[in-house]
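Number of protein chains: 2
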Amino acid sequence: MKEYRVGIVGAGGAVGLEMIKVLENSSLPVTELRLFATARSAGRRVSFRGEEYVIELTDPERFAGLDFALFSAGGGPSRQLAPEAVERGVVVIDNSSAWRMEPGVPLVVPEVNGDVLTEKGAYAGAKLIANPNCSTIQMVMVLKPIHDTARIKRVVVSTYQAVSGSGHKAVVELEEQIRAYVEGRETENKVYPHRIAFNALPHIDKFDETGYTAEEWKMIRETQKILDDETVQVTATTVRVPVFRGHSESINIETEKKLTAGEAKKILAETPGVVVLDEPSANLYPMPITAAGRDEVFVGRIREDFSVPNGLNLWVVADNLLKGAATNAVQIAVYMAEKNLL
Amino acid sequence: MKEYRVGIVGAGGAVGLEMIKVLENSSLPVTELRLFATARSAGRRVSFRGEEYVIELTDPERFAGLDFALFSAGGGPSRQLAPEAVERGVVVIDNSSAWRMEPGVPLVVPEVNGDVLTEKGAYAGAKLIANPNCSTIQMVMVLKPIHDTARIKRVVVSTYQAVSGSGHKAVVELEEQIRAYVEGRETENKVYPHRIAFNALPHIDKFDETGYTAEEWKMIRETQKILDDETVQVTATTVRVPVFRGHSESINIETEKKLTAGEAKKILAETPGVVVLDEPSANLYPMPITAAGRDEVFVGRIREDFSVPNGLNLWVVADNLLKGAATNAVQIAVYMAEKNLL
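In the order they appear, the protein sequences are chains L and W.
The opening residue of the first sequence carries number 1 in the working numbering; numbering runs sequentially from there.
The opening residue of the second sequence carries number 1 in the working numbering; numbering runs sequentially from there.
Bound conformation, chain L alone (with noise of 0.2 Å):
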């Protein structure tokens, strides 16, 4: 592999904080490192790999001589500021919802279509690709070898989503509310509408005019698109509740092809990236408390669904800000440079 100048934007938020530390951990050779934000951010240290480096404030000029950016900014700023990237040759991976469903764009999760990036791929040459939903992430990547073996014709899926999602004011959020509680003083709700400390809000993002939330329509639109096969139905309802790391979701599946419980757990023991934990007689399952620092995607409970001919029930867990975000960008990079598409 040669080496890599690369940027992240969005460096002082909670998932680029995050991406510093995967990259550190990474296999990528980084040659250069240029870290951006905003002024609330802007001056702050960061260690990376034995050296120090300033959080910069964003200049799209300094983008310039770089090969890979990932951003994680948010919708507003990304909109604006990767075109600018991919303008001075910079590959952008980018992690908000600005560009996931613009036609061009790949929405790439590297286990179930990283492919798509490479010379006779469907998006090959592509200088902007974006990141899925922390959910979708985690969602397909089990998906994907269940689809692939018996075609999946419909899921319904509930989530249990951690307030890390919803960055670092919700982590402090919940913690306020949790020691209010216990020193018996009332709580306070700024990041979310209700208090969310021994709670659950079925509402994350926004709600438009059929009922169904933001979140909700990028588990079902960024699904097709990744899949890329849109005869496959999805119905989403999420969820959040009191937990700091790691998203769970209930995963009902509807297949063409006949799957037992043994064949799924077979099929997704096999997937890289994916780790099988289920063992009920020994309380062996995925948790939140399971996935929070890891990269992988954790599944379990994986029965057949008797209500149906051919279904199937699986409990999934992932680090949100991990392998729904972080590792999930950084992988895309690692495949890139291991294919040599730059």
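To be clear, the hints were calculated from the coordinates, so they are not data collected in a lab.
Among the clues, some could well be false.
Put simply, identical chains are the same to the list, so a pair is met inside one copy or across any two.
To be verified - The calculated lysine-lysine pairs, modelled on PhoX-like cross-linking and capped at a C-alpha distance of 25 Å, are:
1. 258 x 153
2. 153 x 257
3. 206 x 265
4. 153 x 225
5. 169 x 206
6. 144 x 258
7. 120 x 258
8. 153 x 266
9. 339 x 225
10. 225 x 144
11. 225 x 127
12. 339 x 206
13. 190 x 206
These numbers come from a predicted model, not from an experiment.
Dock chain W against chain L, hints included.
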């Protein structure tokens, strides 16, 4: 209404104590109240409608002369003691899972199938009546009116269940783990096999060889029994979340006849005991903190599921100790008293 002599067996437990409060606020004229428990709670004083009662050690001889006995003493004691009460001419309303699936024993949610207890009902004259599982009760409350209108073919449900469903000791465990977190101490797991604070456990009750838990089977089989329709297919994934009180359910329904979201909303709004809270633009939807302390079942996020021709998604929340247990049991007694079925 005539007057009634009521016993509560398991009066010292989380549900038993709620039964006393719910009975106190009910319309049932109670001339005598006898409270029974094991040695752990015997001797404890409880006030009821302005008088003080002492919980006595459970003694079947003392069941004689009662009209109703509300049992919340667990499956084992109920198997043993409920027949002793019935033999003494007492109508038993049992909150355990011991009798629910027993042929000849009605499984009742008054608003849904109370009529099975009437003179012309399938279980006319029954002396032993089972109170369904908490998760089942709140689900059938919304399924029934939809089933009556559009015939339900299949239900996929994922639950978000509060720790109070595991009894008072689980409430204490979550509180202690929260306190330990705030104080920077290690947490201990006694009630649950894993930490529940800031976590989600896809494990409620025991696993069997199918990979399902007893709780999941309860939601499947009890629903069919209450709706008196084995053609209603149900699959369930039940999950414990760090919430003190209030079970939430993400329910996906396929019907034979098409129902729009508007039609479903109208039907549910007209259902006694069900409250529709569904104004997403005003952040109005049911949550555990909405339902805690309330007797009704709350439903929101009512929307069409676009993945099938006739599909609906709903979000249903109820207080697991009230409508999910104590309230429903007392409502059965009130229903029988009002219909003069004793």
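How the hints compare with the structure:
1. Within a single copy, residue 258 and residue 153 get their C-alpha atoms as close as 12 Å, and across copies as close as 20 Å, so both meet the 25 Å cut-off.
2. Taking the shortest Cα distances, residue 153 and residue 257 sit within 25 Å of each other both inside one copy (10 Å) and across copies (21 Å).
3. For the homomeric pair residue 206 and residue 265, the shortest alpha-carbon distance between copies (21 Å) is at most 25 Å, but the shortest distance inside one copy (35 Å) is not.
4. Taking identical chains as interchangeable, the C-alpha atoms of residue 153 and residue 225 lie at most 25 Å apart only when both belong to the same chain, with a minimum of 15 Å there against 30 Å between chains.
5. In this assembly of identical chains, residue 169 and residue 206 lie within 25 Å of each other by CA distance solely inside one copy; the values are 18 Å within and 38 Å between copies.
6. Taking the shortest alpha-carbon separations for residue 144 and residue 258, only the intra-copy value of 16 Å comes in at or below 25 Å, while the best inter-copy value is 31 Å.
7. Taking the closest pair of Cα atoms, residue 120 and residue 258 never come within 25 Å of each other, the shortest separation being 32 Å inside a single copy and 45 Å across copies.
8. In this homomeric assembly, residue 153 and residue 266 come within 25 Å of each other (Cα to Cα) only inside a single copy, at 20 Å, whereas the closest approach across copies is 31 Å.
9. Taking identical chains as interchangeable, the C-alpha atoms of residue 339 and residue 225 lie at most 25 Å apart only when both belong to the same chain, with a minimum of 22 Å there against 58 Å between chains.
10. Within a single copy, residue 225 and residue 144 get their C-alpha atoms as close as 12 Å, which meets the 25 Å cut-off; across copies the closest is 37 Å, which misses it.
11. With identical chains, the CA atoms of residue 225 and residue 127 are at most 25 Å apart within one copy only, with a shortest distance of 18 Å there and 58 Å across copies.
12. With identical chains, the CA atoms of residue 339 and residue 206 are never at most 25 Å apart, being 38 Å at best within one copy and 48 Å at best between copies.
13. For the homomeric pair residue 190 and residue 206, the shortest alpha-carbon distance inside one copy (16 Å) is at most 25 Å, but the shortest distance between copies (39 Å) is not.
Hints 7 and 12, counting from the list given before, are not met by this structure.
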